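Protein sequence lines correspond, in order, to chains A and B. If you read the first sequence in the numbering used here, its first letter stands for residue 169, the second for the next number, and so on. If you read the second sequence in the numbering used here, its first letter stands for residue 4, the second for the next number, and so on.
Calculated directly from the structure, the hints in this document are not laboratory data. Fair warning: this is a prediction, and the values are worked out from it, not measured in the lab. Among these hints, one or two may not hold up.
Stated by the list, open to error - Each computed PhoX-like pair below joins lysine-lysine, with the alpha-carbon atoms no more than 20 Å apart:
#1 B:K508 / A:K696
#2 A:K671 / A:K511
#3 A:K629 / B:K547
#4 A:K199 / B:K508
What the hints assert, rightly or not - Take a look, some chain A residues computed to stay more than 12 Å from chain B by CB distance:
#5 L287
#6 I300
#7 P317
#8 R460
#9 T467
#10 K484
#11 V519
#12 D557
#13 A599
#14 G703
Cβ coordinates follow ideal geometry from the N, Cα and C atoms, glycine included.
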Amino acid sequence: MVLIAILTVITAGLGLPGPLIVAHLIDSLFKHHSINLFLVFLALVGIAAGTGLVGYALTFAVTYLGQQFKMEMRRRLYSHMQTLSLGYFEKNQIGKMMSNITNDVATLDQLISGSFVRLMQDSATLIGVLVIVFIKDWKLALVALSVSPFYVANYLLHIGHIKKAADDVREERDVMLGDLQEKLAGAMVVKSYAKERTEVRQFVGQTRNLLDLNVDLSMLGTRLWTIAEFIGSGCGVALIIWYGGREEMMNRLSPGNLVAFISFITGYMYGPILRLIQLNDQFARTNAALNRIFGTLDTEPNIQNKPEAKVMPDIKGHVEYKHVWFEYEPGQPVLKDINLDIKPGMMVAFVGQSGSGKTTMINLLSRHYDVTDGAILVDGYDLRDVTIDSLRKQVGVVIQETILFNTSIRENIRYGKLDATNEEVEEAARAANIAHVIEALPKGYDTLIGESGIKLSGGEKQRIAIARAILSDPRILVLDEATSSLDSETESLIQEALDHLMKGRTSFVVAHRLSTIVASDLIVVMEKGVIREAGSHIELLQQGGIYASLYNQQFKVALESREAEGVKL
Amino acid sequence: MSNFRRLLGYLRPYRYRVFLAVFLMFMVTLTALPLPRIIQFVIDRVLPHHMWHTLNWIFWIIIGIYLFRGIVSFSLNYLIGWLGQRVVFDLRFHSYRHLNRLSLSYYDQRQTGKIMARAVDDINVIQYMITGGFVTLITDMLTLVLVIPVIFLMNVKLALIAMAVVPIYVFNYKLFLKKIRPLSVEIRKSWDALIGTLQEKISGITVVKAFVRENFETEQFIKTIRLNYDLQMTQATLNRILAATATIIRAVGTGLVYWIGAKLVGVHTLKVGELVAFTGYIGYLYDPALRLVDFNVQAQWAGASMDRVFEVLDTRPEITDAPNAKSMSNLKGSVTFRHVSFGYSRDNQALIDINLDVQPGEVIAIVGPSGAGKTTLVNLIARFYDATEGAILIDGVDIRQIRLESVRRQIGYVSQESLLFSVSLAENIRYGRNDATREQIIQAAKNADLHDFIMTLPDGYDTKIGEEGIKLSVGQKQRMAIARATLTNPRILILDDATSALDSKTEANVQAALEKLMKGRTNFVIAHRLATIMNADRIVVMDKGRIVDIGTHAELVAREGVYQNLYNEQFKSAQDEALAELLG
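One chain only, chain B, in its complex shape (with noise of 0.2 Å):
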């Protein structure tokens, strides 16, 4: 319920238009009560006194109210539809710019259409909630606040046998929410496990291909739907015998009126039009209470629908803002590790007790093998995530206490993975800064070793990619991860293998350019391949989770360690070829 009321929430600042509505309502459900008493008077008074010019005026009388009435409740769902809408929209913006603030950890742990479905499925179904059901819902209550006291003033003998199988009714209704509750929590989330099943999926079929697992999968997802299928079965046979006894219970209320009220007509303490009138009023009594029943099941889905929107907008982003954190415009770049440590969870410590001091300007390679932390490390500096234990200090300021924008945007940071978007190349390219000319974007993707194979395709740089577009290279991905990021002139450049992908003769274009470009600014570079290594001012060795080595290249090698090792390694097996092809 709580929920219900923080939905509620989202309606305060209209809730002028919320009074007017519900005042609309109001109005609505009053244009209804007169007609029963209408056909009452004909029946009882016009027709048996052949009342003709009365008659004439009742015709432009239904006419009159009718038409108020239509004016009244079209302007009252017009104001819905806006209402409900409006709501959506402020939901969606809440849910999507709080997914933004969320920290990477949250998307780490998360399949994308899980978290689609909250923004997207999630938030529709509300707002059917509030354009159908709590309308409905109010306008019945309304109606049933106005219909009682007129049918105990209209006849209290029928009134109170009309109202006596309502409690049989809210009974049986109460019987049924207990299993139908349950039931739409599993429904839900059986939905979920099947979108993300198939997110998965489709977006790995490369694997399931790889390994013919086509058929096993189908069997898998079979299962999920076939789950799936079962709950809702099992939650339209419990609403239909809800709804089946809520019908004849209704039917034996209306039976008994007419039973009593005839008896009462024969004794001519009740005219025959008031009866009439009295059935279709309590059309108006039991209808609502039918209604709880749709209104039941779309509350339900409602309900573990805010569940999840809710849980969205209550996961507190790890990485926030201090309140008084500064803005740092200008960076000078320097960057300093103070006992940092740091866990993606509590018994598993990815880096410990880090100290590094980097001037601005130094090109800093860290290597070490996989699982060492040199990841971590520099998603720290780029304030993923915030070191468990220390602190990490640009320019002498806890990055804590800087603000987290005007961090990231003066680090270009080029990860693993190249992620590009379904746009065009240029568009691509300029993400990072879209104040780019024409000319920045073209001397970025040069510098990424990219212009002459973008100039072959017949678009240039407007070529799309993705759907609809071209399918580009794991190695061009990288260069154009590159391009984007060296675009932004950053003050800090962050390259995690940046260059893997690449064959030698375009990595060593690539870091070429990449060595021109990293003059003046600080630079971080993971990579595995020596000769990337070898040029930075100092290496870092890294092995698990701790620094162990820190030097140039011409010290490390000398020393016996980690470094020398992965030296060794390297250059073992190819370096003996070369020396026997050298040697001859």
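So that you can see chain A by itself, here it is in the shape it has in the complex (with noise of 0.2 Å):
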């Protein structure tokens, strides 16, 4: 920052020579002095030198410190949303986001490497200038000035017009880049609904309004700088020609001086004082930017480690959920007073209609969010206790939607477990049922999914996501409708894999078909936020409620079509 500040100065102060120089030597031929023009020639060549050099060095420098800025702010930001909780990504669209760590931090980086340079270097010019009109004309020097509180006025009465446009401007952008990205997210839906034309229209009216509201802003900008120009170079220079020919004539100011006047008042003075009066605006720019940088910034994660959180060590994966109630709105409780004890190794299958509160209990395990109150204890640690790293590392999920990441597929897998050696890949592969679809592709395990690659069915994507849950080994196992896209058959080989998997660990499966579930070795029958019924299948038919009911439905078409075709019971 010194070092900047330095080099500002000297820029600034390198520009001043010139026309001093110049004044000197129009003056010597005037006067038909002899003067040693090569020097002339050397001191206007040498200051350029320096300023070509400084100048290169403050650039530099300013350059580096803004994009390290940028690079730092930008891993700040990224890594602070990496922190904080689901509920924040629930509730934000990706494109403001997104546009938080790339437009927002640009738009910084304009105001340092830009506007804080510029503030020095106009200063520095702007009292060099100053000091040196005033020591040689002091009067000549007064009507210089005499126009600046016009050019001041002309600013401040444009302003304010110019900042509300470009809230304008910016408010309008904004909605139509959240319009913008959702729109060619669903592309798929606008296609199905032949809404392609709608949609167009909507954008033309958006992007119309965005269009005037920018001819207006230039407009004003416009005007704004020729009413500028007109006061500073047309006025000033009119004003310094007319009274300083005047002092000339009455030998008062020597002709290289009135040059050095025109070119100092015209180069150095109006120009420097705009552009400081216009920082203003560019601090209230970057104010708005700053908010949403520090507002990202300030989000505190709602799930936080305690200072004094333990890692938990590895688990036996003994979990109870001990009078937990649970809300996302303050009064509306998704949980009310569950209690459970799930041993570890034991199979636990959560039935119940949507909204139930399946995977709200499910998103409580892996402390995406925290109880309202009551515990969770994980092997006798309350969840809250421990590091959240040290937990989730322990709790393999897999969710409804398959999200797989532009990468090839051996990647997708081994992001369960970085250190995973390509054997290790394809036995998850091979667990998952999903090892020879793979290997029947060209390029096997390398194959690249997503953009530029290739396009998987949903049955192939949610096992690969398996394949990936796998590899990660973890001592417990949620699966989240996970085998809802896949036909029985493939449902039965990965059940299989699942099975397999299942040993030993404590798993929570939500499923609707309650084949899936039969095997389980505690079925949760949940409603409206309450654990209704819970016990084995057998149990749960024996008692005749809910599940028995639920049970009954579906397969008694099922029997019903068996009896049509005369199998036997």
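Build the complex from these two chains, which are given one at a time in their own frames, with help from the hints.
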């Protein structure tokens, strides 16, 4: 920073002698004094070389600073976002989060590498020029300065409108961006409803507004600058030539100094004055970006490690829900007084209507949210007393919506365990019954998925996700509708693999297909956030409650059809 | 360069304004010329001869010139601002319209973030170049054209000296250009990668968190920004060296003019005022040259951006209306597959020789292991892709001969992934049919077993979803998608695993409503649960891209084959239990 300040002042200072040397030269010419022309030449070139070198160093230093700053800021924002809880990501549009990291940071950088340097350079130049012109001829200096109030007034008159117009533009642009992102990501829906033309029309409406606002903004800016040029270059120069001319004729000013004055005033005074006032506006603009950046950085993750949080040792997998209450929105409990005791190695299945709280039960276990009341204990540790990492590393989750990344199949599976060998990856793929599909591809495990890669079916994606979870070898396994998009045949193949995998691990399964869950040690039937029934398949059927009726409903049709076919019962 | 020419094509509709702008630029440039001459006149004539009166006149002349200049340059800038914004508008509009025309396969292969970057960032860069770079370039060229004759008229010797450094400058510039150009492309690419990573990892945050990969992802991200940083630094350095050299070359030129000029003044072949005016003019000569550096950076950026924008515009949509395509407004709904084969890529056949004849009003269930081609089959009906071989006929007409819009409007498609938009529930349901009444929306929600849930929300149907709104479970989203599809009253209804995330009870409710809705339409249902499938008129069994069997449930279950296996698999374990139960 100090280096930059020094370099800036030097650059500003190097601009000043030029007109003075020229003034000296002109005066000597007028008075027919001899002057070492070669020296003048050397001085001019020398100054330029100096300016070039220092300018080079300065730009380098500033760019370095700005880029470093950008990188650091982006890193901080991104790593902070990573620590934020899932709730944050559900609440914010992806486009806006991205713009926070990309555009807002870029705006800040403009202030730092652009405006700060200009601020220093302009202040230095302005002070230097004022000192010189007042020493040379204070009256002429006052004349030159006399137009500056108009100059400033013009700026102040415009700036309010400009700021407002700029805000409008930004707002409209945000709306457009949000919509664009959503509609591009949802291309499938737009197309199935043949709504392309409506979408285009709506987009045109938005861009048309943006066009109008932008034109307004640019007109305001143009008016400001045109008037500024007229006042500064036009009136200022006219005044100096007129007044300075009179002074010269009265022999109170040398012609060389008159020329120097003109170049000082036009080149070095009005520009800096205006830019200095303009900084104000820059700050305002940057302020909005800063607010957003700090808004993100100040968002406290809902889920945090306690300062004294311990690393959870290798667990056995004993999970207890003790009087657990939970609400996403205050006053709307999603789970009400849940009590469950799950012994290590047990397989628990959650059954219930959508919205009954099954997925929430699981989300609490990986501590994506904290319980509102009560506690969840794993091997006797309250989840809130251990570090999040050490917990989640031992909990493997396969969720409903399969998310794979744009890289090779191998890398996708390896995401479960970064240091896994190729053999381990392939073994996991075999266990998830996806190996034969992958091996049939020309590039096998190195086949890219997604962009510029191949398209996988829903079932294939899900099996890759299962392979990824298998590889991570968790102590507690959570399958949230993991097999819903698999056909029965594939599902039964996977079920086999999962049965293997679940042995010796505590596992939580959310599934709607009862065939998946009949083998569970414990079936938990949930309704509106309450556990209504819990027990083994046989026990629950004997109870003749909700589960029994669900079961009968699902199998009634099948049994009837069997009867119709004459299959003997 | 061809890209620049193409960009100019976007200015063609506004060519008269462009001509006007160029004329105004000419005027603005012209108004800059008198000042050095006036100063010369003042120094050489007015001052030595004490012409007080003339000095007063000069004051008003300067004011007049600048007033004129102000008016002209205001009009010019306004015009340029308008043109720039207008071209951006046109480009955005064309890109977006084109993106909407592109087939799904385009989206399958690209990250949304990257597509966005083209529609937004790249076009902005182009705008900066039009309003900034182009205008400066043209003004500068005009200035050069005007100034060069002026200085030669003033003094040939000095003019030659001033011009002497120009070749050095051009040479220097060309040297750097070679290095800067590939760098800009690299920077753009690294920025793309950065955006792509961000988009993907932020939308995939659940996976990142589930595997505790936050630190790993941060490290990956740093690698991407690091690369971008390094490239930017290299570019900044190169540009700055170029600028520094340019400053020095310029100073040499100016210094030489003063040196020789002063000598000429000494021998009285040149007046002092002339020298001052001359140095004023060579500023006009060198400044444009210096600015070329800036323009160059801008042009490089814009060039890279143009490549990308035009690449989007040049991507031919795979699915387009045939020139003579007809609009079919009231489909009966018969669908015929004739020897249809299809592959997403050449060596990967997803469908092989499919033949199927579906009568209006039929319910067709499609079953088979994952990867069998079920989704592909229904995608072809909605014409998201075109068959590689063979043809699909609706009401006896090849769908490639029917206007795309008229087909899709009559197809209700519920896909595996339920995508909803960040608007209210009512607006989401209404998406397929803007003129739907409140009653119709509520009926659609009731059919999807959603109404009761929606009524428990404080804002009911006006509840927003997504950002600043509520979060729906996967099952709820799926039911929203069903409500949306049924509201359009389609002739052909396609349900691709549309009820997979529903619990049995909800599914049974939705199923009952769907059965009513299916009446009088042609229906294609992909499902895994046999309970859903058994009521179909016909069941199509697929395996490895082929139809291996067709028939009713009773027929198929009696035959040995894939269906029987599927059936047995699903019911074996459960039925054993059930039997055990029933037998006590």
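For which of the previously enumerated hints does the structure constitute a violation, in increasing order of number? 4, 11 and 12
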